[in-house]
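Trainee: Spelled out, the chains give:
2 protein chains.
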Amino acid sequence: MIMIQHLSDLSAALRRQPARQRVAVICGRDAATLEAAGRALDEGTAEVVFVGDGEAVRRAAPGLPARGARFVDAATPAEAAARAVALVREGRADVLMKGLVGSDVVLRAVLDKQAGLLAPGRVLTHLAAAQLPAYGKLLFFTDAAVIPYPTQEQREAQVGYVVDACRRFGVEQPRVALVHCSEKASDKFPHVAGYAAIKAAAAGGRWGNALVDGPLDVRTACDAGALAVKGIESPLGGRADALVLPDIEAGNVFYKTITLFARARTAAVVQGATRPVVLTSRGDDATCKYDSLCMALLLAAGATRPDENP
Amino acid sequence: MIMIQHLSDLSAALRRQPARQRVAVICGRDAATLEAAGRALDEGTAEVVFVGDGEAVRRAAPGLPARGARFVDAATPAEAAARAVALVREGRADVLMKGLVGSDVVLRAVLDKQAGLLAPGRVLTHLAAAQLPAYGKLLFFTDAAVIPYPTQEQREAQVGYVVDACRRFGVEQPRVALVHCSEKASDKFPHVAGYAAIKAAAAGGRWGNALVDGPLDVRTACDAGALAVKGIESPLGGRADALVLPDIEAGNVFYKTITLFARARTAAVVQGATRPVVLTSRGDDATCKYDSLCMALLLAAGATRPDENP
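Quick mapping for you: the protein sequence lines, in order, are chains A and B.
Numbered according to the working numbering, the first sequence spans residues 1 to 310.
Numbered according to the working numbering, the second sequence spans residues 1 to 310.
Just chain A, same shape as in the assembly:
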């Protein structure tokens, strides 16, 4: 597998996949979503079905039907979300994407116990990839938006998802840092006590060929020089592929800080449902939405449906 070092390589990577994935876009009438989904259509990286707001979509982008887009009607945003989720359950869509609709509406449909997309015991979490001018490769991170304070079980699920994502992007041996404000565990931070068990599980092969280390701070995770100055040995060697941030406050600060101050380009998905969900926010531009859609399509292409017999 070819390694994806820049988010702009995603499009080519998708075209190398054996089959095109299909995205169900919920209320996708806003300009950025239309541009992102339209680009995927035109580049042949996805099949697109717009669920809900069909008239508004066609008015905003009259050429879409001729470009191959399909449409499913819905009377309300909630109905649109439910119909899009149903398309995924029926095996007729592979990725869910949010348009001009509240995240709560989408998540309610995804989390619906009867008709939703969350298998029992699965953990829904936010996973992003950042392209940072000051870092030599993509840096994945979790969770900036969904789980407030991960339990040990949730953190283990996060490690699993980031390792999977790194692999899908061509990283053979993902290096995952469990982040903390210090390299030492202490009684003041109960969540850090669980990092040792995660490292042990990783060493035991739970996530395949992956290096997991922590506690490390962002600098000792991503800067070999900082490691050396502190005299710390880490199998990651200051070259993390992924940061598992301690909680949503730290995750969100990381996300907002790199996009605002470090000229980061980011893509993000919500993992844990049977298929990836693109839940970008109103403020995200078309590039971010396109990159996020591509990331979701790539992850979907590598996923096994829990409801499928292998």
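Treat the hints with care, as some may be off.
Copies of the same chain look alike in the list, so a pair counts if it fits in one copy or across any two.
[To be verified] Calculated pairs, EDC-like style, for lysine to aspartate or glutamate (alpha carbon to alpha carbon, straight line, at most 16 angstroms): (1) 199 x 183; (2) 184 x 104; (3) 230 x 285; (4) 230 x 30; (5) 199 x 156.
Keep in mind the hints are simulated off the structure, nothing from the lab.
Given the coordinates of chain A, work out where chain B should sit on it, guided by the hints.
Mentor: Here is chain B on its own, set in the frame of chain A:
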């Protein structure tokens, strides 16, 4: 008062002060500390006394006595820390600076109930100033290193310290953001419930002419465009002078991320003792140590000693 927009303006600001402040450097024989303290001596921005490691200091920088440095002997690092603290208590030093000695050793001397520098009921907290190429002014933030999960009382103290610091840097009406991963309070985050009381206290004049708002995320605190997209009204207008981060995990992620990925230049002090303490770490370079010393000297010049009669 002239506004200090860059950390490199600190030196000139200190020379405009009516009196030179005096720094007691604990075990300052490492190259970066020697360079920082020596520069303050040579620029006339501080008087410097090296406490402990005198022989090693004079060997590493033989010219120091001729440049005006003074020396106090001590047999051990702990004794050096205690003697430096005593100099401050006796009114013979205004700032404490850590050299090649553990932070725990310095803090133990500062926190000593009998002979230390912490008045009863005072809160010790970390306060830093960042110069970010992507932001038009200095951005203060707290706390990246000392208080794990601030209580309401500690957070109020943090607001007071950052407002004070902004004023000392010439910001007439400091804009302080209480940071959270969302602009909405929720039951899942008990600490955010207290933000409203802090805003009310600020509006009531508790910290003088200052604007305090939150919850805001890093982007809505520091980017007017992000505010507009989300349709949020904030008196800060997306131009925060200071971020009060929710806890040490978020604070440390911010600190490490801006220095590693956003080319930030930073200065940091520990506030809350009777005088500022410079507690930079081994990995910090001479510029960071010098900037931090200058910041401490400026804050000390504006402080009233709790043990002095006004």
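Trainee: For this structure, which hints from the list above don't hold up?
Mentor: none
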